[in-house]
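Student: Spelled out from the first residue to the last, the chains are:
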Amino acid sequence: MNEGLIIAIIIGISIASVPLIFAAIGELLVERSGVLNLGVEGMMIVGALAGFVIEFHTGSSFLAVLAALLAGMAIASIFAFLTQILLTNQVATGLALTLFGLGIAAFIGRGYSEENIQLISAIHIPLLSDFPIVGPLLFSYNPLVYLAFFMVFLVWWFLFKTKQGLTLRAIGDNHDAAHAIGHNVIRYRVLAILFGGAMAGIGGAFLSLVQVPIWGEDMTAGRGWIAIGLVVFSSWQPFKVILGALIFGGITILQLHAQGFDVRISAQYLSMLPYLATIVILVSLRMRDKNKTNRTMPNCLGRIFHSTS
Amino acid sequence: MANRKLTSILKFSLLSSMLAFTGGAFADPVKAAFVYIGPTGDHGWTYAHDQGANMVQDQLGDGVVITRIESVAENSDSERVITSLARKNDIIFTTSFGYMNPTVKVAARYPDVKFEHATGYMRPTDNISTYSARFYEGRHVIGKIAGRMTNSNIIGYIASFPIPEVIRGINAAFLAAKSVNPDIQIKIVWVYTWFDPGKEADAARALIAQGADIIMQHTDSTAPMTVAEDEGVLAFGQASDMTAWGPNAHLTSIIDEWGPYYVARVKAVADGTWTSTDTFDGVAEGMVEFAPFTNMPDEVMWEAQDTILDLDAGAVHPFTGPINKQDGSPWLAEGETPPMFPDIITMDFYVEGIDSKYPN
Numbered sequence: 001m002n003e004g005l006i007i008a009i010i011i012g013i014s015i016a017s018v019p020l021i022f023a024a025i026g027e028l029l030v031e032r033s034g035v036l037n038l039g040v041e042g043m044m045i046v047g048a049l050a051g052f053v054i055e056f057h058t059g060s061s062f063l064a065v066l067a068a069l070l071a072g073m074a075i076a077s078i079f080a081f082l083t084q085i086l087l088t089n090q091v092a093t094g095l096a097l098t099l100f101g102l103g104i105a106a107f108i109g110r111g112y113s114e115e116n117i118q119l120i121s122a123i124h125i126p127l128l129s130d131f132p133i134v135g136p137l138l139f140s141y142n143p144l145v146y147l148a149f150f151m152v153f154l155v156w157w158f159l160f161k162t163k164q165g166l167t168l169r170a171i172g173d174n175h176d177a178a179h180a181i182g183h184n185v186i187r188y189r190v191l192a193i194l195f196g197g198a199m200a201g202i203g204g205a206f207l208s209l210v211q212v213p214i215w216g217e218d219m220t221a222g223r224g225w226i227a228i229g230l231v232v233f234s235s236w237q238p239f240k241v242i243l244g245a246l247i248f249g250g251i252t253i254l255q256l257h258a259q260g261f262d263v264r265i266s267a268q269y270l271s272m273l274p275y276l277a278t279i280v281i282l283v284s285l286r287m288r289d290k291n292k293t294n295r296t297m298p299n300c301l302g303r304i305f306h307s308t309s
Numbered sequence: 001m002a003n004r005k006l007t008s009i010l011k012f013s014l015l016s017s018m019l020a021f022t023g024g025a026f027a028d029p030v031k032a033a034f035v036y037i038g039p040t041g042d043h044g045w046t047y048a049h050d051q052g053a054n055m056v057q058d059q060l061g062d063g064v065v066i067t068r069i070e071s072v073a074e075n076s077d078s079e080r081v082i083t084s085l086a087r088k089n090d091i092i093f094t095t096s097f098g099y100m101n102p103t104v105k106v107a108a109r110y111p112d113v114k115f116e117h118a119t120g121y122m123r124p125t126d127n128i129s130t131y132s133a134r135f136y137e138g139r140h141v142i143g144k145i146a147g148r149m150t151n152s153n154i155i156g157y158i159a160s161f162p163i164p165e166v167i168r169g170i171n172a173a174f175l176a177a178k179s180v181n182p183d184i185q186i187k188i189v190w191v192y193t194w195f196d197p198g199k200e201a202d203a204a205r206a207l208i209a210q211g212a213d214i215i216m217q218h219t220d221s222t223a224p225m226t227v228a229e230d231e232g233v234l235a236f237g238q239a240s241d242m243t244a245w246g247p248n249a250h251l252t253s254i255i256d257e258w259g260p261y262y263v264a265r266v267k268a269v270a271d272g273t274w275t276s277t278d279t280f281d282g283v284a285e286g287m288v289e290f291a292p293f294t295n296m297p298d299e300v301m302w303e304a305q306d307t308i309l310d311l312d313a314g315a316v317h318p319f320t321g322p323i324n325k326q327d328g329s330p331w332l333a334e335g336e337t338p339p340m341f342p343d344i345i346t347m348d349f350y351v352e353g354i355d356s357k358y359p360n
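Going down the list, the sequences are from chains Z and D. Take the first sequence: its letter number 8 is residue 8 in the working numbering, and every next letter is one higher. Take the second sequence: its letter number 44 is residue 44 in the working numbering, and every next letter is one higher.
One chain only, chain Z, in its complex shape:
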């Protein structure tokens, strides 16, 4: 293997991982506030469409990403309204949100599968990006790649280094107690849900703007569900989201390369690997935690909050 190939593999892994990082870090914050939103797939696909449509009409990558963010928030606001104001069941509402998102994106996007756009270009920093090996590996990605890692840091910083983050975690663990000492549970949760929608929207837009510059119905192809799995994998710890996404993206890309190099394992097993690895990791985490209570899982996850006063 030459270094060019290794660099290509690493870049490939980062491209496959970033949509998952965005969607998962958003969902992580939502779940930390005690809300389970299974509508990630639906929010991602709407973001993918919005990003593509705005990029196509304006040619502005900034506006496209902004539109994806807003579209993700808009569809998340439906979930927020239903679950936080009307107190509907979160699991059922989340599933409905996924189906709604896939449907409405397919409907609105009908004409756009005919179109094509330019890929958002990667950054190029003079000197740094030209530096051998280090340049392509560290300083030549699409800006959204850096944003994904920054968002993980930001969520960690918010959750563990700010007063509001502490409150949000308290609400996720015991919403009645948090309410009793005067915190506005609903407001925190609505804002968390909107943040989750924004992140899922950008994750979707990464697919349609960076990974491949086309719009296709159902193009998220289950990545929203994998993001939800990654949150569990991470034990609700932000930096472990990166680890999980890189493992998943890494196996996805490496198995494609293994096929190209004709590793003597049947292609079926290779393409099963990312999913198999996810299950194995989830099970082994569970085994490890069997004898102690899982201290990181928000206690109120998925529970409806009835304001008593």
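Be aware that a few hints might be false.
[What the hints assert, rightly or not] Taking lysine to any residue and the SDA-like style, the derived pairs with C-alpha atoms no more than 25 Å apart in a straight line are:
no. : chain 1 : residue 1 : chain 2 : residue 2
1   : D       : K357      : Z       : D262
2   : D       : K357      : Z       : A258
3   : D       : K357      : Z       : L5
Keep in mind the hints are simulated off the structure, nothing from the lab.
Chain Z is already provided as a structure; the job is to place chain D on it using the hints.
Tutor: Only chain D this time, still in chain Z's reference frame:
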């Protein structure tokens, strides 16, 4: 009095003849249904079938009512969809290989409905027809172009599922490329999906990173073409003209032309002349066509055109011996061509010279 009676008789006969006339010209329209594996906007396989359905609508107008169901998974879901369509339709086209068993099952339960299953080979009841195209003739043509156009001598092939249709394409493309370029090597990546633009793009990037400078796809989205354009390599489109997604990458696309077949079959139902048949048309019959040849020198294009003319005339066969199977065992002797069944219809082996392990 008599006059009035005559008038009323005249009126009556006029009216009845008008009724008879309208009854004849506007008989109940044929109800035709299409079941698609992907979205019609894939610009690949499903798009091509949908174009065929459009041709039926255009040519038969009021004589046909068409129902189309998109993105039907190849599991028990498809049986449910086909069953519900069978209750309301005269003829149903199931347009993916994986619909074979559901189609056969539902056909047995609805003997009065005609079923048309694409790319399959099972016709246990006389209300099922199968139809496919000799796409390997198209792969033969693009294989020759690939063999001429590659600099790295590596073709990257994005494959969907290991079914005979896909295996035929790989073998035909490889043999044709090797016939004009003995050093050719083919790298095959199976993605186990027909439509996942992200994964198809990942696969294209992996193949390009491993040295492929020509990408062939047997998946349905335009993603591999856009990646080829972005990475500056060449690629062939799939099922419909994909020039727009790779103005500098696109060599040609194999185009699936289902329209004339669909028109003929729906007309046959209207006329009452429909019978169970097995159709396997190719370049000569116009079921396999090509998008414009672009980004290649004239000599390569002429060679491709000549190959098409030869296929048209039946002068060449993509599988002409001597050909060995991958393990070195002989398949076809010098000058021999394989029988349609079982060799071509159920093809389940790579030919000699392909390094990849056969997926099983």
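Student: Please name the hints from earlier in the document that this structure breaks, with their numbers sorted from lowest to highest.
Tutor: none
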